[in-house]
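Colleague: Protein sequence lines correspond, in order, to chains A and B. Be aware that the first sequence starts at 1, since it is given in the working numbering, and climbs by one per residue. Be aware that the second sequence starts at 1001, since it is given in the working numbering, and climbs by one per residue.
By construction, these hints were calculated from the structure, which means they are not laboratory data. Every residue gets a Cβ at the ideal spot worked out from N, C-alpha and C, and that includes glycine. Check before you lean on any hint, since a few could be wrong.
Unchecked claim - Reference listing, derived: stretches of chain B covered by chain A, where coverage requires no fewer than 3 residues with Cβ under 8 Å from a Cβ of chain A:
hint	segment
1	1137-1144
2	1151-1164
Said to hold, decoys possible - Partial list, computed: chain A residues near chain B (C-beta under 7 Å):
hint	residue
3	ARG136
4	LEU147
5	ALA236
6	ILE240
7	ILE262
8	TRP266
9	ILE276
10	VAL280
11	ASN284
Stated by the list, open to error - Partial list, derived from the structure: chain A residues whose beta carbon lies under 10 Å from chain B:
hint	residue
12	SER146
13	LEU148
14	LEU259
Chain by chain, the residues:
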Amino acid sequence: MMNEQVQTADVDIAPPGPFREFWAYFSENRGALIGFGFILAMLLAALFADLLTPHSPFEQYRDAILTPPAWQEGGRWSFPLGTDEVGRDILTRLLHGGRLSLFIGMMVVSLALLIGTLIGLVAGYAKGLTDTLIMRAMDIIMALPSLLLALAIVTILGPGLINASIAIAITYLPHYVRITRASVIAEGSKDYVTASRVSGAGIWRLMFITILPNCMAPLIVQASLGFSNAILDAAALGFIGLGAQPPSPEWGSMLSNALEFIQRAWWVVTFPGLMILLTVLAFNLMGDGLRDALDPKMKR
Amino acid sequence: MFSFFLKRIGVVIPTFIGVTLLTFSLIRLIPGDPVELMAGERGVDPARHAQLLAEMGLDKPLLVQYWNYLTGIFQGDLGTSLVTREPVLREFFTLFPATLELGACAIVIAVLVGLPAGIIAAVRRGKVTDYTVMGLSLTGYSMPIFWWGLLLILLFSVGLGWTPVSGRISALFWVDEVTGFMLIDAFLSDEKGALLSALHHLVLPSIVLATIPLAVIARMTRSAMLEVLREDYVQVARAKGLAMPLVICVHALRNALIPVITVIGLQVGVLMAGAILTETIFSWPGIGKWLLDSIHRRDYPSVQGGILLVSCVVILVNLTVDIFYGVVNPRIRHNR
Chain A
1 MMNEQVQTAD
11 VDIAPPGPFR
21 EFWAYFSENR
31 GALIGFGFIL
41 AMLLAALFAD
51 LLTPHSPFEQ
61 YRDAILTPPA
71 WQEGGRWSFP
81 LGTDEVGRDI
91 LTRLLHGGRL
101 SLFIGMMVVS
111 LALLIGTLIG
121 LVAGYAKGLT
131 DTLIMRAMDI
141 IMALPSLLLA
151 LAIVTILGPG
161 LINASIAIAI
171 TYLPHYVRIT
181 RASVIAEGSK
191 DYVTASRVSG
201 AGIWRLMFIT
211 ILPNCMAPLI
221 VQASLGFSNA
231 ILDAAALGFI
241 GLGAQPPSPE
251 WGSMLSNALE
261 FIQRAWWVVT
271 FPGLMILLTV
281 LAFNLMGDGL
291 RDALDPKMKR
Chain B
1001 MFSFFLKRIG
1011 VVIPTFIGVT
1021 LLTFSLIRLI
1031 PGDPVELMAG
1041 ERGVDPARHA
1051 QLLAEMGLDK
1061 PLLVQYWNYL
1071 TGIFQGDLGT
1081 SLVTREPVLR
1091 EFFTLFPATL
1101 ELGACAIVIA
1111 VLVGLPAGII
1121 AAVRRGKVTD
1131 YTVMGLSLTG
1141 YSMPIFWWGL
1151 LLILLFSVGL
1161 GWTPVSGRIS
1171 ALFWVDEVTG
1181 FMLIDAFLSD
1191 EKGALLSALH
1201 HLVLPSIVLA
1211 TIPLAVIARM
1221 TRSAMLEVLR
1231 EDYVQVARAK
1241 GLAMPLVICV
1251 HALRNALIPV
1261 ITVIGLQVGV
1271 LMAGAILTET
1281 IFSWPGIGKW
1291 LLDSIHRRDY
1301 PSVQGGILLV
1311 SCVVILVNLT
1321 VDIFYGVVNP
1331 RIRHNR
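When you get a sec, could you build the whole thing from the sequences and use the hints?
Modeller: Quick look at the structure:
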């Protein structure tokens, strides 16, 4: 009896772990949870796309060109969302397109995050001329609209999914550089850093092990919001023919010649864009939730 | 005040030089040199190749080439289009009014709808109205505008037949080009119904282009208003017994507007990027469509000049907003 009481008291007193605390704040936000759920579902659908549909995203059913969705007159249940202008199943292409969009988001965000954090660390730590030069370069990137700069870079690199991702990653660099640099400068003068330096920590240890983990929160938020922008920009590039190339089932490029069918096949036009919108919305909702949960100023 | 101007302009110069470096390297980083690009599939014999390179000054050291490029820019020489053989600068200024007209209408729509929506959301904080406005603006912010354009065409042009699908004015009208702005030219012309037709053509593209700025403005207005509504002077005004609309318009809004105006200024970059997509969908003969067509046609001097000029527009507008911000808010002016 005594023991039990002591135990319950222990549980109450123990501070929640960082993840538990984060989850408590995050799960309060209903929108963020919905976004998170949607992304999880999309991730699973993308992983198991081959098992979920019997069709291949490239197989053309010549007897079923521009079949409407199943619930409409003339639709067939073997093509639930209908088929496109060469008879490919739209649902299958959407599922496989999810793979591409997640891949693009992942690639753009990891590239920008990795390189941006590195440059930001260097700028914040080196100060002086290096810092000025880096920040001026970032100002130039920031001064241009991201799609315009991405266009310029894709013009040099040539169209394609990977090149488009690289181009978009470059346009997002400044965000990560600025955040990291600001955090490094703010953290660098704190006592725990001085303590570490005095006990003989080298420059690499200071940068990556002492300072960097304490700058992570804003970077995570930016990465989550960056995901949505990356998917949106990549879809835009695909739409204008400079991103993923046909017959790739990327959502933006699926829309690139949709204008031709707008009069007779609304489903070809509607579904890929709806997927882009829902995915981007989900990432934005989750990003907002992450910001509220991770930003100490908004917490209390 | 004067030193404030100088400082702001001083920040712009490195950015401008950076952009010229980018556009300068653009044409040199593309596989193949400009002469090969101009010759296209036909190819050139080596002697003529070398002669053309020398004529264009491309055999000189890079630094000299860059200097020539830079001085060329200041003399208004941005090269000649490979497709039309017209000077790039002239092409740009022929098409620019169309983009400007579209962008101006879009920003007017965004402000006229976004500002009141943000104010209402802030005043009715936590109510259904607030959630609706914020939900819609997050959706607008996440919108792939090229798809949004297609949807609106599907609904209003194909479904209801209310608006035309593309172009700036019906082919039935012949409007003399006076200003390059179709609305003004149509108004000035004697053709009956020309203005109405121009408006009809303008409405869908401007709604599409306005979507993202509208969402951003609504969100920004809401948060700025929420901040201001908490201030003591608003409480005092309400305690004096002033009616709520008066408090909002006279006391709160004026102070909330400063961050909102900055955000409106920053939308110019968004608009220029959006114009590329919107003009492509609606076949709007402006800068965005021209730039994209030039990329597809491998007309690199046009791409180079176009990117430089669009960037300059964005930089100049941002500078203007910055200076305006300093003029209306003395705290900013004296801090820096």
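Colleague: Using 10 Å as the Cβ threshold, decide whether SER146 of chain A counts as touching chain B.
Modeller: holds, 7 Å
Colleague: Grab the minimum C-beta distance from ARG136 of chain A to chain B and call the hint holds if it beats 7 Å, violated otherwise.
Modeller: holds, 5 Å
Colleague: Tell me whether the statement that chain A covers the segment 1137-1144 of chain B is true, taking a Cβ distance below 8 Å and needing three residues at minimum.
Modeller: holds (count 6)
Colleague: Has the segment 1151-1164 of chain B got at least three residues whose CB is nearer than 8 Å to a CB belonging to chain A?
Modeller: Per the Cβ count (4), the hint holds.
Colleague: Quick check on ALA236 of chain A please, does its C-beta sit within 7 Å of some C-beta on chain B?
Modeller: holds, 6 Å
Colleague: Would the hint on TRP266 of chain A be counted as holding, given a Cβ-Cβ threshold of 7 Å to chain B?
Modeller: holds, 6 Å
Colleague: Would the hint on ILE276 of chain A stand, with a C-beta cut-off of 7 Å toward chain B?
Modeller: holds, 4 Å
Colleague: Next item in the hint list is LEU259 of chain A. Is there a CB on chain B closer than 10 Å to its CB?
Modeller: holds, 7 Å
Colleague: If you take the shortest Cβ to Cβ gap from LEU148 of chain A to chain B, is it below 10 Å?
Modeller: holds, 6 Å
Colleague: Does the closest beta carbon of chain B sit nearer than 7 Å to the beta carbon of VAL280 of chain A?
Modeller: Holds - the Cβ of VAL280 of chain A comes within 7 Å of chain B, reaching about 4 Å at its closest.
Colleague: Hint validation: ILE262 of chain A versus chain B, beta carbon distance must be below 7 Å. Holds or violated?
Modeller: holds, 6 Å
Colleague: Would you check whether LEU147 of chain A satisfies its interface hint, that is, whether its CB is within less than 7 Å of any CB in chain B?
Modeller: Cβ of LEU147 of chain A sits 4 Å from chain B, so the hint holds.
Hint violations for this structure: none, all hints satisfied.
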